[in-house]
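There are 2 protein chains.
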Amino acid sequence: MKIILVGASGTIGKAVHKELSVRHEVITAGRSTGDLRIDITDKETIKTAFASVGNFDALVSTTGSVHFGEFMEMNEEEYMVGIRNKLMGQVNLVLIGRDYITPEGSFTLSTGILNRDPIRLGSSAAMVNGAIDSFVKAAAMEMPNRVRINSVSPTVITEAMDSYGPYFRGYAPVDADLAALAYSKSVEGIQTGQTYIVD
Amino acid sequence: MKIILVGASGTIGKAVHKELSVRHEVITAGRSTGDLRIDITDKETIKTAFASVGNFDALVSTTGSVHFGEFMEMNEEEYMVGIRNKLMGQVNLVLIGRDYITPEGSFTLSTGILNRDPIRLGSSAAMVNGAIDSFVKAAAMEMPNRVRINSVSPTVITEAMDSYGPYFRGYAPVDADLAALAYSKSVEGIQTGQTYIVD
Numbered sequence: 001m002k003i004i005l006v007g008a009s010g011t012i013g014k015a016v017h018k019e020l021s022v023r024h025e026v027i028t029a030g031r032s033t034g035d036l037r038i039d040i041t042d043k044e045t046i047k048t049a050f051a052s053v054g055n056f057d058a059l060v061s062t063t064g065s066v067h068f069g070e071f072m073e074m075n076e077e078e079y080m081v082g083i084r085n086k087l088m089g090q091v092n093l094v095l096i097g098r099d100y101i102t103p104e105g106s107f108t109l110s111t112g113i114l115n116r117d118p119i120r121l122g123s124s125a126a127m128v129n130g131a132i133d134s135f136v137k138a139a140a141m142e143m144p145n146r147v148r149i150n151s152v153s154p155t156v157i158t159e160a161m162d163s164y165g166p167y168f169r170g171y172a173p174v175d176a177d178l179a180a181l182a183y184s185k186s187v188e189g190i191q192t193g194q195t196y197i198v199d
Numbered sequence: 001m002k003i004i005l006v007g008a009s010g011t012i013g014k015a016v017h018k019e020l021s022v023r024h025e026v027i028t029a030g031r032s033t034g035d036l037r038i039d040i041t042d043k044e045t046i047k048t049a050f051a052s053v054g055n056f057d058a059l060v061s062t063t064g065s066v067h068f069g070e071f072m073e074m075n076e077e078e079y080m081v082g083i084r085n086k087l088m089g090q091v092n093l094v095l096i097g098r099d100y101i102t103p104e105g106s107f108t109l110s111t112g113i114l115n116r117d118p119i120r121l122g123s124s125a126a127m128v129n130g131a132i133d134s135f136v137k138a139a140a141m142e143m144p145n146r147v148r149i150n151s152v153s154p155t156v157i158t159e160a161m162d163s164y165g166p167y168f169r170g171y172a173p174v175d176a177d178l179a180a181l182a183y184s185k186s187v188e189g190i191q192t193g194q195t196y197i198v199d
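Quick mapping for you: the protein sequence lines, in order, are chains A and B. Using our numbering, the letters of the first sequence map in sequence onto residues 1 to 199. Using our numbering, the letters of the second sequence map in sequence onto residues 1 to 199.
No lab work stands behind these hints, which were simulated from the structure alone. Note that the structure is a prediction, hence the values are computed from the model and not measured. One or more hints might be untrue.
Heads up, incomplete: computed chain B residues facing chain A, CB under 10 angstroms, no partners named [as the list claims (entries may be wrong)]: (1) L121; (2) G122; (3) A138.
Computed footprint of chain B on chain A, listed as stretches where at least three residues anywhere in the stretch have a Cβ under 8 angstroms from a Cβ of chain B [said to hold, decoys possible]: (4) 60-72; (5) 75-81; (6) 88-100; (7) 109-118; (8) 127-133; (9) 141-152.
The beta carbon of each residue, even a glycine, is placed where N, CA and C say it ideally should be.
Work out the full structure, taking the sequences as your base and the hints as a guide.
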């Protein structure tokens, strides 16, 4: 398969690249590194990158950021950061990717544990993850040509505990390699409309 | 209790008004009818309305619209309609309401069945409902003064079947009065971070 991996330089992205590249052609994408320059908040970069590749069999996104902040101090604009980036950035990969995905191809987006198991500062992350998991479930039913769409929702990743640990006390981390398997299942399996929980 | 009911003229809003007004002071709000003029997509109308009321014990929203369309034809702007209206419109009621809600008061938002049980044309509704249900779950944990927040997620309402019926074939509708009980439970109960499913 020809697979575009957006966010390939991240902790999970690197593990997904390792998992998939032994069997497939993985085209990496990122804001500043990789084969393609994609900033998911800038649709033109998505369009340009996809046009340069042509048709592809899978799009995997392991990217997307949100604002973390105390709920009582969060304002509308801070919620919109996550909506524009992690939510609509990933959704735009799908909307634009509709023109390039091959029959029986797949889209795999990234969410995370925070809508299932909230932490302090995480109300925007929860909102965005819930939006994506729900979007995937509904959009899957309307995909033509047996194109599939799933999300992967991991807990905190072992390799990221140095920075995230203080926010995730009591959460058992999972290794990035384990999370990568869920992306492999989404890309190489037959299921659609699923959220693969990794925790 | 002093309760602000936004969307009071809608099918569910009218039933909620009937349920709550026998025991409480219900201040109705809507774009063109009610005691207060609130357009949830216009923050200034929310601020003006809340300032005119002063502190209140509960905010109930039974309003919010999204764009319904074929997934393969939906564009970013059409997804943004629901994000600005049903999602961030209701979230802004909460964010602005933080300054007026009394201790042990509550916020109750409206979602719906479509993130649990998708229909054709409903990918934006699913996204927005999932976002709100998840936001409520996380924000509840950070509310001060035992302020609570829940969402109510009804299936299609009997009284709306004339217009919605064709989109909900096979769905058993529930009467608006039954849905209204879930709002009563949210306002008059003790739970928080819940999504009350009515189907």
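How the hints compare with the structure:
no.	hint	result
1	L121	holds (8 angstroms)
2	G122	holds (6 angstroms)
3	A138	holds (4 angstroms)
4	60-72	holds (count 3)
5	75-81	holds (count 4)
6	88-100	holds (count 5)
7	109-118	holds (count 3)
8	127-133	holds (count 7)
9	141-152	holds (count 4)
The structure agrees with every numbered hint stated previously.
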